[in-house]
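Read off the chains here:
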Amino acid sequence: METVYLTIVIAPLIGAIFAGLFRNQIGRVGAHWAAILGVAISCALSFFVLKSFIYDGMLTYNETVYTWMVTDGLRFEIGFLVDKLTAVMLVVVTFVSLMVHIYTIGYMADDDGYQRFFSYIALFTFSMLMLVMANNFLQLFFGWEAVGLVSYLLIGFYFKKETAIFANMKAFLVNRVGDFGFILGIAAIAMYFDSLDYAEVFAAAPQLADTQIHIFGDETWSLMTVICILLFIGAMGKSAQMPLHVWLPDSMEGPTPISALIHAATMVTAGIFMVARMSPLFEFSETALSFVLVIGATTAFFTGLIGIVQNDIKRVVAYSTLSQLGYMTVALGVSAYSAGIFHLMTHAFFKALLFLAAGSVIMGMHHDQDIRNMGGLKKYMPITYWTSLLGTLALIGFPGFSGFFSKDAIIEAVRYSTIAGSSYAYFMVVAGVFVTALYSFRMFFLVFHGEGPRDKHAIAHLHESPKVIIWPLILLAIPSVIIGYITVGPMLFGDWFNGVIFVLPEHDTVARVGESFHGPFGFILHGILGLPFILAMSGLFVAWFIYVKNPSIADVIKSRFEVIYNLLDKKYGIDELYQYLFADGSRGIGKVLWTLGDKTIIDGMIVNGSAKAVELLSGVVRHVQTGYIYHYAFAMIMGLLVMLTLFVNF
Amino acid sequence: MSADWPILSATIWLPIIGGLMVIAIGDKNSNNARWMSLAVAVMTFVISLPLYSGFNPGTAEMQFVERAPWISYFNIEYYLGVDGISMPLIILTTFISIFVIVAAWEVIQYKVSYYMAAFLIMEGIMVGVFSALDAMLFYVFWEAMLIPMFLIIGVWGGPNRVYATIKFFLYTFFGSVFMLVALIYMYFQAGSFDILSFHTLKLTLNEQILIFIAFLMAFAVKVPMWPVHTWLPDAHVEAPTGGSVILAAIMLKIGGYGFLRFSLPITPDASSELDWLIISMSLIAVVYIGFVALVQQDMKKLIAYSSIAHMGFVTLGFFMIFMITANPDASTGALLSLQGGMVQMISHGFISAAMFLCVGVLYDRMHSREISSYGGVVNRMPWFAAFMVFFAMSNAGLPGTSGFVGEFMVILASFRANFWFAFLAATTLIIGAAYTLWMVKRVVFGEIANENVAKLEDITGRETFILASLAVAVLALGVWPGPLVDVMEVSLANLLQHVSVTKIP
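Protein chains in written order, with the numbering used here: chain D, 1 to 650; chain V, 1 to 505.
Isolated chain V, as found in the complex (with noise of 0.2 Å):
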């Protein structure tokens, strides 16, 4: 189906172009930068809508094409389309970037049209990333996705941002060049660079572990997924808190949604392979890294860790197909887990991006992400308090918000792949809630704790409404996930059946 009016060409130029125009309005008029951005943000965000109100959720076929030849010498197209597995990445990208735009009202006085230019201009390019349905526009997005982020935190960010923004562009960089070159590569074997024809593609064997490894290059390192993880930690500390949120909540989902459209259907064959590597990686992420997060001191960092932690059920999701497709006991569940690994992203986009967002309510008054700074918040800022001890609950996956239902579904769908998956896999639930909570007793819980403490005040309609909306996006997913399942039902299955015929000529 395409539509009547270019709708993803519009949600990717609308926030880049508006982003140059609030650099051009500059600073001097910083509220009418701020003003502008936030039309920008929120028409982005309306814009995208019909996007899922339009969409059929019936067919697996891409939706919203455009096409149109953009360097024909080398058969470059300017593809876009969507199908049920980006369109639900988008709408939270639109979503998301709102409360960025927000969130940084009167935190930001320096230089506060660069600030919010970059993060429009993040949007569009990240939408673009998700998008872009020739692999040479999925990769200049992809690079140019880098540019704003390193601004954001080599500009904006904390004391030792320099070493943050260098370990993240190197770790990420680094990734990404062997995915260029594997491109390339399917580039001559296809003739173009179109990645719906990349999924034709005969491959032997040994080509495709090879690609496979290039794509897990680009996309372990975007999820990140032990052991390339350790620049997640450092690049989150340093950054502003939309930095954070938009790291978090979206650019994490790139590299899931790069194995769903790249690794699995190119690859099906060294997947299955290799699917003891990243299963093996995902639950090593569950467990040793919620270890990790248990003894954080910087709440910030405590926070990374949980979501590399809980981005490892999405991986574990995407890749225990093979598994539970093979145990004969299991008559279904490879699309369960698939499901699960895909809500597990839109949920962690919600919860993150509001962890985030609580941990710079107090920073913005406190100046301090440490632990031991705080103690008793809930005695000056009961409403902050509530909304915390909530997304706290959430992302210890509590029943009725959205951080349950993905792994929920992820640990159903692990038991069919074998018991030990399962039971590794839940130990999230013990572990996860321990540091959650465990942060929540030591900041929010207590007498006060020191005099800056007592100073606090809680928060403003503005920080309300931020948190307030996010609250019930996740109780919303969390009480009917129905919708989300639905518009990508048709999408993972059709990879489903697309990974299960072998691409080995």
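Bound conformation, chain D alone (with noise of 0.2 Å):
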């Protein structure tokens, strides 16, 4: 299997060098075709790899691909894992990318830019594939890094754009935050295990369990809830969560097809995935995971409210990923592992389909991105409004479609929790289920319904996007439909995840949700019958009324609740209390430093100081600055040369 595997990271990689550097010599055409050979190929075997491990029970996979070093006794190495738990990311990654892939053909199909991006898109692959099939922490940090890379040259991808170049700029340090802890994390794991990898780690975890460490003079810290909160910090920046997401709506600025891909359905989860994959090492800190399951509680519901007042389409969705994000963590929080991998897959599918449907609606209104200005284009775009459909009823977890199973699985898990912070998480998951079935089809009925578009130069030019379109929605949408269905029952409640995710018994709330589980058609009517399905019906029907029966009624709530709007406006003003604090605060410490420090004192006082000294002292070397310096000390050297010479005596 060695050579699948292999084949499976390198094939994006070559397809990434040919699309970025031989761009002019293979033309727009053969940039497109090596970047989607390359992933087409990682997909297909993705999916023989996941076939195996369900039909032909496959065991895991671990083993070293080259080592990267040894020293100090310590292995630094280069190698696969390849349990289910990679098995099901393979497939999600490689599926929505092979998507976006084909998508961009028409999507970039004007742009400068063509052959950059496919190249661009096929290393993201790569470097993703990279992070999941690592077996050791320093692959983790690697894949880690690189596909904070790619987001960085993608968000970036129309480089005149001053806004975008903020943006990715920004994504990236706000990114490295959480990487600081990420690595200080990978570094008390180097010290304590002695190793960086997994298998190692992880069996050794138990021994750790209770070891007590110094950090702060005599005070004790549990090293569990030190490396994983420390830990948990790379997964915040890369996932976005409160308080490090403020990067991910800003990441807007990139193309759509990587919004759809990076920014919503592979690499914001990786912090996910990657607590997913601790859960040995999370499992032995109830601290840590109450820290994991407020930030997430936290994260899903304020982010969710937001995007209720959001006017650019993709930044409704961008918000939306946050909020989802967030119910992920909180699954996490909960030792709902499996739960939160579930909504991880179910989320790919159907955020992608909803990005690129909103890249459709964007083509179709000409990079008119203010869904104020849409309206009406279900007549225009009939495909595009009908996945759509789908995609947000997968979202808002309507009964029966993918997103439902994963959403209802995550907020019982939250309900049977009992550690601390878990009634907290439930109230916030459960009101964002109103809140997300607002902001969703608030959107869909503002852009689909109602007057057709105000400008009418628009409606001229408006018309259903092209096959390259609109296939990658079509079989997007499938899976957001059917998928839970089909999975709930061996993924969540069944044996899939043994031996790869660890839940100590006392923790195991999906275990007791599964109690009352008796395959997902039963599950969606326990659904029907509960609170968030109230909720989330509640959550349309306001959104009904408010922007198709009553569209005036949205000004009057805007001018009454001037305040919480303008508050949600302003995103709670985090960005602005960024800006001050750490952008205009580290540039006035760089200023200070810079002009009293070195300046003044070191240069001032000391260097120019001592040589004024040396010039009032010494009435001979008068100027300093004449050259005498270079020949005495020339003269210094040539004197010590002849001195030693002629004391030669062969």
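Just so you know, these hints were derived from the structure itself, not from any lab. Predicted, not measured: the structure shown is a model, and the values here were computed from it. Yeah, the Cβ is synthetic: ideal placement off N, Cα and C, and Gly gets one too. Mixed in with the good hints, there may be bad ones.
If you want the footprint, here are the derived chain V segments under chain D, 3+ residues with CB under 8 Å [unchecked claim]:
id: 1; stretch: 288-295
id: 2; stretch: 323-333
id: 3; stretch: 398-404
id: 4; stretch: 418-427
id: 5; stretch: 431-437
These two chains come separately, so use the hints to put the complex back together.
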């Protein structure tokens, strides 16, 4: 199987190299074929791997590919761990990536950077695969940073746009704040486990579960808590959890296909994947799990609220992504790792679909992204409309759709959880269901229903998108609808993740949920009777009432609740705060250190001061800057050489 | 092990003699001077390669040893040899020197032969510093190195070169005088200038502390460490591109090398006693200098400050070993720390060279180093922009590039010394990325800022060759640092062993 796994990662890399370095030689068509072929090979092999796990009972693969270096008894390796968790991620990543690749042919057709774009997304696929297939922390960090790099390059794809090149730098730096924690976590693991290999670290975790360490003076901390919180800070950066979420909405400056692939379906879920992978560590720290839970719940609810007031079609979807990532994080916090991964998978399909559909709308609207200018697009873009509807229903968790199974499983799991913060989290995720339905259908109605576009000129050009755009939408709509129904049994309540995800019996909320699970159909029936369904329907109804039935109400509400509206519109002022505190603050520190520290004290007083002192003291060497020193030093060395040679006596 | 033929001598003297011959060719046939210089630089590199291929990584003994009496009256010897610490630095020197020659090809028109010769002679001298095992020989090379650098900045430098050269000279000369005193003191104790015999010298703690401080003066200035770093930005700004490259890529490393060859093995007790001082200076370099780099308006100054911050990792790695060894929770890590510092030195050699060459490419076209003169360079120079972003990312320590390896190793090691060391060191992930990417944003990306940028042309074949070669080196070391780490392992382990034994009689 080693060849298969190597091919899975190498094929997109080769595609990327061809599309990037030989862009002029192979041209546009050559570039997209190179990239698509690479990713298609990966995708086909990923399905083969998944099939082998399901039907052939294939065992986990855990081998080293090559040794990066060995020093001081510590092995740094590049290697693959392919188990059932990896297999799911492989299929999700390569399938969505392939859809996005095909879609890009249509979406980027008029762009000068066509080949560059293909090169980047193929490179992204390679990096993401390296991340999910890692069997050690070094490679994990490798993939982690590599996807960050490609994200940086792609957010700034339109490099002439000031907002884009600001957003990509912001994204990279905020992610680096997360990586700061992440690398410290890895350092802690390397120190206490003396290994970076997953298997060795996980095996040693129970023995180190009670270890206490000192950080501030004599106060002791549980080692596991420190490690897990540090690692999770990394996940907060990559998976855009509050308060490190600020980069994700701005990342919408990038072209829409990558918003779908990187900033919705795959890269941003790397943090979720990582924590699920580290379940053998997180299980030993309830403090860390509570921390994860509270962060996730806060993100799930409060970013969803912002989504209600956004008017840029991509930003609405972006805030929805933040909120959904919050749900996944909540799942991790209550030890429902499998539910988190399950939601990751369903979300990847329907969110990619929603983004690509948004891209289709944007093309139809000639790159106008303001939903207030849209309306009535149902008539002009029927396939985009229907696929969007399916995606939106999946997102709000309409019973039977994929998102329903995953979201309901998370909410139920939170209900059974007993760790600190779980009642707060339960309230947040349940209330979040209403918010999700509200912002999703607000957008849906504003875009597709009601009066036609404001700009009558736009109508003339409005038409359904070409086939390369439509087909990926359809192919993504299928799993968005059915994947939950098919997989909820085995993946969540079956034995799929046995031996992969580790849960202590007292934390096992999924098992509690599973006690009342009698097949997906029963799950649907149970869901229809539950509170989340009622909330989702109310959200849908409110959206319909405000944006379809009585469009004038929206403005009334806006002016009545101006304070809240402004708070949401300003995104709680977090961006401004960070700008003031960190961006301006560090520049201020830099200026002070430079002018006061370097120029005034070191140079002004010490260096030039001692030069002046020398000048004052010696009447002979008066003008230091006339070349005397050079002569003096040269003479000294020459003198030394001559002196030494004088004593030569061979 | 000694070689069949004197590889080290050849690597030292070939470029020096070659340089003199280039001067003899003169400026009338400046093209001949260029080709001759290139031939010498390439030959030197090729000659230095057997140092790697023939190197026995299994021993900490000096290899390729050449030993002959030089000034018997003082028992001074012409004594050369390399171990796993110096060998990679020598290869780095001969490798980088090629690109310095190529980079100057069309750019330098004034006194071409002298310029080329200065670099070749400098190359030989620097190899001499790394391979000298006789302290007096070391000192001669060490001081001689200043002369070509002084001339390079003074003759081919920018408008404020006089101030910069004086500052550079005063600083470094000031530091090395103390080193000379220390060397002579030890000569009287040991009866020879053999560095290896210095290593076995018994010294009281007071003696050690004085010697340690004397060495610190010399090496800290060279590295440079905060607070004796202010000569570096000025020197870089005024130096021609090649001068900056050699300064950043090689000369700074001589300071780091000095700590490993002299301070640690000769005065281990003092090093252990005063490690807090070096560690503080290193961490200040990482954080303080990072902030200072953030507000620089001049690209070369920014990269110069970034060099100081990166070199902070080197000294941090070298001097954390005592605390790591003393930590009961950490079974190992001291060797990782030393290795990290060394890898950081080699990596910084490539990356800083590449960064200065990138600035050189822009400077040659626009004659400005001000960040504000640029903007939107990518529109006119896409290939250049690709290289610049790549090297910027390596400067910010992106995994897969060499910039990551050393920083990662030192951060892993620092956690074993003290959580807060790791905390402060790891801030480089944020600050380093901030100043590098902010510069890239303002220079490379955006709309074409002005009509001068609009006239820019993309890199030539010559420039592509330079940047691509360095990119390959950066990538290779980032993807597979094993070979480098392996050749250093035994020598550094031996050093560590040596340092753990007290020298107090």
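Hints and how they fare:
Given as covered by chain D, the stretch 288-295 of chain V passes the check, having 6 residues with a CB less than 8 Å from a CB of that chain where 3 are the minimum. Counting residues of the stretch 323-333 of chain V whose CB lies closer than 8 Å to any CB of chain D gives 5, which reaches the minimum of 3, so the coverage claim holds. Restraint check on the stretch 398-404 of chain V versus chain D: 4 residues with Cβ-Cβ distances below 8 Å, three needed, restraint holds. For the stretch 418-427 of chain V, the stated coverage by chain D is satisfied: 5 residues place a CB nearer than 8 Å to a CB of that chain, which reaches the threshold of 3.
Under a criterion of three residues with beta carbons nearer than 8 Å to beta carbons of chain D, the stated coverage of the stretch 431-437 of chain V is upheld, 4 such residues being counted.
Hint violations for this structure: none, all hints satisfied.
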